[in-house]
Amino acid sequence: MKTLNFYQKITHRFIPIVTLFSLPFSLQAFSTAVVVDSTKPEILIPDRVFKLAAQSNVCGLDMQFTPAALQQNFGVELKTPCGYLSSNVQLASWGRWVKGVLVQSDGWVILSENRTQLEIRNVGRFRLVINLLDRCRQRTQDTLYFELEDLSKPTMLCESAINLTLPGASGLRSDAVTLDHEFFNKGSKDNCRISQYRVRRAFYPAGIPTMIEAGYDTNGDGKLDQQDGFDFNKDGDITDLGEYIERRGARYWTPLQNQVEFFPVDTLTSVSVELWGIDGVGAFNTCKTQVSVSSASGVDRPNPPLIQLPGAPPLSRGKDILHPNLPNPIDKEALIYYDLQQSGNVEFNVYDQQGRRVLTRQLNGNTGRNEILLQRHELGSSKGFFLYTLRTPNAVLVQKMLVL
Numbered sequence: 001m002k003t004l005n006f007y008q009k010i011t012h013r014f015i016p017i018v019t020l021f022s023l024p025f026s027l028q029a030f031s032t033a034v035v036v037d038s039t040k041p042e043i044l045i046p047d048r049v050f051k052l053a054a055q056s057n058v059c060g061l062d063m064q065f066t067p068a069a070l071q072q073n074f075g076v077e078l079k080t081p082c083g084y085l086s087s088n089v090q091l092a093s094w095g096r097w098v099k100g101v102l103v104q105s106d107g108w109v110i111l112s113e114n115r116t117q118l119e120i121r122n123v124g125r126f127r128l129v130i131n132l133l134d135r136c137r138q139r140t141q142d143t144l145y146f147e148l149e150d151l152s153k154p155t156m157l158c159e160s161a162i163n164l165t166l167p168g169a170s171g172l173r174s175d176a177v178t179l180d181h182e183f184f185n186k187g188s189k190d191n192c193r194i195s196q197y198r199v200r201r202a203f204y205p206a207g208i209p210t211m212i213e214a215g216y217d218t219n220g221d222g223k224l225d226q227q228d229g230f231d232f233n234k235d236g237d238i239t240d241l242g243e244y245i246e247r248r249g250a251r252y253w254t255p256l257q258n259q260v261e262f263f264p265v266d267t268l269t270s271v272s273v274e275l276w277g278i279d280g281v282g283a284f285n286t287c288k289t290q291v292s293v294s295s296a297s298g299v300d301r302p303n304p305p306l307i308q309l310p311g312a313p314p315l316s317r318g319k320d321i322l323h324p325n326l327p328n329p330i331d332k333e334a335l336i337y338y339d340l341q342q343s344g345n346v347e348f349n350v351y352d353q354q355g356r357r358v359l360t361r362q363l364n365g366n367t368g369r370n371e372i373l374l375q376r377h378e379l380g381s382s383k384g385f386f387l388y389t390l391r392t393p394n395a396v397l398v399q400k401m402l403v404l
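Numbering of the sequence shown is given in our numbering, commencing with residue 1 and proceeding in unit increments.
Source of the hints: derived by calculation from the structure; they are not laboratory data.
Among the clues, some could well be false.
[To be verified] Cβ pair distances, simulated, as ranges:
1. Val98 to Ser270: 39 to 47 Å
2. Arg361 to Tyr204: 41 to 49 Å
3. Ala69 to Lys153: 24 to 32 Å
4. Ser86 to Arg356: 53 to 61 Å
5. Arg357 to Ala161: 18 to 26 Å
6. Thr143 to Ala53: 49 to 57 Å
7. Gln362 to Arg247: 51 to 59 Å
8. Ser105 to Gly249: 42 to 50 Å
9. Arg357 to Asp331: 38 to 46 Å
10. Lys51 to Arg356: 53 to 61 Å
11. Ser105 to Gly222: 28 to 36 Å
[Claimed, not checked] No farther apart than 20 Å at their CA atoms in a straight line, the calculated lysine to aspartate or glutamate pairs in the EDC-like style are these:
12. Lys99 to Asp331
13. Lys223 to Asp235
14. Lys288 to Glu182
15. Lys99 to Glu147
16. Lys99 to Glu149
17. Lys234 to Glu213
18. Lys189 to Glu371
19. Lys51 to Glu182
20. Lys383 to Glu182
21. Lys79 to Asp47
22. Lys189 to Asp352
23. Lys99 to Glu119
24. Lys186 to Asp352
25. Lys288 to Asp331
26. Lys332 to Glu371
27. Lys223 to Asp180
28. Lys288 to Asp180
29. Lys51 to Asp62
30. Lys288 to Asp237
31. Lys189 to Glu149
32. Lys51 to Glu119
33. Lys332 to Asp352
34. Lys223 to Asp237
35. Lys234 to Glu246
Every residue gets a Cβ at the ideal spot worked out from N, C-alpha and C, and that includes glycine.
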């Protein structure tokens with residue numbers, strides 16, 4: 001006779017089955033059959049879609065995918081009656097992101113496989129596939145999804161004060177000066193990315209005729225109120241915050257734009273300016289600064305305005321022109337043009353945000369258009385806003401640039 005081994009799967013434990021056959025006593029034997037666990041491991045997910053907040057200091061989240069972390073972050077429970085052996089995850093994002101910028105808007109893109117931790121550096125929708133293996137070599141797979149949201153507002157930082165000298169004193173609107181939003185920004189930032197800057201200014205009732213002449217009476221009724229404005233978000237109306245002329249106490253505020261205008265009526269006053277930063281999900285924050293406006297009487301147009309920023313050398317009015325750098329911001333190099341009414345020696349300087357001079361050049365300029373080639377490496381490792389000045393025999397001219 002022959003002793004047979006039998007294997008049968010049962011739940012939760014191994015049961016030895018002893019089978020005895022009728023053999024001569026000397027041939028009698030016991031045979032043990034190991035019955036493997038018939039219950040596959042389970043992945044218990046309380047919900048299929050979760051929402052998580054990005055960290056306040058980065059545009060994303062540092063995540064771990066150990067069993068303990070899955071339990072803590074998502075309430076996931078891994079059940080293995082046969083004993084836990086291993087688990088791993090596959091993480092994918094909806095769309096492809098490069099340095100926080102969405103470059104492919106659809107389709108799942110795998111970010112990692114078989115890793116227990118990952119630094120996610122974008123927001124949006126994610127898919128997490130969990131694989132579980134028990135000691136009986138049985139596998140289970142399940143999937144959950146989560147939204148990573150940016151809940152942090154931008155941190156806005158404005159220049160503390162700006163002195164602006166208008167190019168003439170005729171009182172005509174042709175003496176107006178337009179400043180871009182970048183002149184008021186002193187290094188605003190966001191954990192993700194500030195996608196838009198907008199700026200607005202205050203004016204008193206005495207300035208209403210000038211503002212109407214400048215085109216702020218958009219409905220043409222001869223007055224300025226909440227019915228006047230610009231459709232900032234292109235949704236077909238001007239009812240959203242910042243899109244219409246706003247009255248705050250004794251002052252009016254213009255709608256948000258890319259730049260603000262200053263007029264002769266502003267001379268000898270301090271104009272409040274409000275800078276807005278809006279991130280990719282629409283969250284915004286603001287900061288305010290003051291612009292002291294004066295007029296250069298007796299100076300022929302078309303001289304540019306002089307802009308005095310904190311820490312810059314004193315300014316004087318001349319007939320020379322210093323142009324904004326191209327491109328702005330600077331990544332590798334930029335060209336800076338300047339115009340001289342007469343040839344002569346000029347001094348070019350660059351100052352960082354602490355007022356320290358980081359670059360100086362002695363130049364011999366010709367009458368008419370001249371250019372300066374500025375290399376990024378000449379400014380050192382610092383980033384942010386820099387001032388650059390051109391001292392000519394007639395004036396000290398100032399411009400502002402952003403360095404990446």
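Each hint, compared with the structure:
1. Between Val98 and Ser270 the CB atoms are about 44 Å apart, so this pair conforms to the stated range of 39 to 47 Å.
2. Here the CB-CB span from Arg361 to Tyr204 is close to 44 Å, well matched to the stated 41 to 49 Å.
3. Against the hinted window of 24 to 32 Å, the Cβ-Cβ separation of Ala69 and Lys153 comes to about 28 Å, which satisfies the hint.
4. At about 56 Å, the CB distance of Ser86 to Arg356 agrees with the hint of 53 to 61 Å.
5. Roughly 21 Å separates the CB atoms of Arg357 and Ala161, a value that falls within the hinted 18 to 26 Å.
6. Between Thr143 and Ala53 the CB atoms are about 22 Å apart, so this pair departs from the stated range of 49 to 57 Å.
7. Between Gln362 and Arg247 the beta carbons are some 52 Å apart, a value that agrees with the proposed interval 51 to 59 Å.
8. The hinted range of 42 to 50 Å is satisfied by Ser105 and Gly249, whose Cβ atoms lie roughly 45 Å apart.
9. Checked against the hint of 38 to 46 Å, the C-beta distance between Arg357 and Asp331 comes to roughly 22 Å, which is inconsistent with it.
10. Checked against the given bound of 53 to 61 Å, the beta carbons of Lys51 and Arg356, roughly 45 Å apart, lie outside it.
11. The hint said 28 to 36 Å for the Cβ distance between Ser105 and Gly222, and at roughly 46 Å that hint is violated.
12. Simply put, Lys99 and Asp331 have alpha-carbon atoms about 16 Å apart, close enough for the 20 Å limit, and the pair holds.
13. Between Lys223 and Asp235, the direct Cα distance comes to roughly 24 Å. Violation of the 20 Å bound is thereby established for this hinted pair.
14. With a CA separation close to 13 Å, the supplied pair Lys288 and Glu182 stays within the 20 Å bound.
15. Restraint check for Lys99 and Glu147: satisfied, since their Cα atoms lie roughly 18 Å apart, inside the 20 Å limit.
16. Annotation: proposed proximity of Lys99 to Glu149 holds, straight-line Cα distance about 16 Å (limit 20 Å).
17. For the given pair, Lys234 sits about 24 Å from Glu213 by alpha-carbon distance, which is inconsistent with the 20 Å threshold.
18. With a C-alpha separation of about 32 Å, the suggested pairing of Lys189 with Glu371 is violated against the 20 Å cut-off.
19. For the suggested pair Lys51 and Glu182, the alpha carbons sit about 35 Å apart, so the restraint of at most 20 Å is broken.
20. With a C-alpha separation of about 15 Å, the suggested pairing of Lys383 with Glu182 holds against the 20 Å cut-off.
21. For the hint linking Lys79 to Asp47, the alpha-carbon distance of about 17 Å falls within 20 Å, and the restraint holds.
22. Distance restraint check for Lys189 and Asp352: the Cα-Cα separation of roughly 18 Å lies within the 20 Å cut-off, and the hinted pair is therefore satisfied.
23. At most 20 Å may separate the alpha-carbon atoms for a hinted pair to count; Lys99 and Glu119 meet this at roughly 12 Å.
24. Proposed proximity of Lys186 and Asp352 is supported: the alpha carbons are some 11 Å apart, at most 20 Å.
25. A distance of roughly 28 Å separates the Cα atoms of Lys288 and Asp331; the hinted pair therefore is violated under the 20 Å criterion.
26. Our distance criterion of 20 Å between C-alpha atoms is met by Lys332 and Glu371, whose separation comes to about 17 Å.
27. Proximity of Lys223 to Asp180 is assessed by CA-CA distance (about 26 Å); at most 20 Å being required, the pair is judged violated.
28. A hinted pair counts as satisfied when its Cα atoms are at most 20 Å apart, and Lys288 with Asp180 qualifies at roughly 15 Å.
29. A hinted pair counts as satisfied when its Cα atoms are at most 20 Å apart, and Lys51 with Asp62 qualifies at roughly 15 Å.
30. For the hint pairing Lys288 with Asp237, the CA-to-CA distance comes to about 26 Å; that exceeds 20 Å, so the pair is violated.
31. Restraint check for Lys189 and Glu149: the C-alpha separation of about 17 Å stays at or below 20 Å, so the hint holds.
32. About 17 Å separates the Cα atoms of Lys51 and Glu119, which keeps this hinted pair within 20 Å; it holds.
33. Distance check on the hinted pair: Lys332 and Asp352 sit about 17 Å apart at the alpha-carbon level, within 20 Å; holds.
34. A distance of roughly 19 Å separates the Cα atoms of Lys223 and Asp237; the hinted pair therefore holds under the 20 Å criterion.
35. Taking the CA atoms of Lys234 and Glu246, the gap is about 19 Å. The hint holds against a cut of 20 Å.
This entry does not satisfy hints 6, 9, 10, 11, 13, 17, 18, 19, 25, 27 and 30, going by the numbered hints stated previously.
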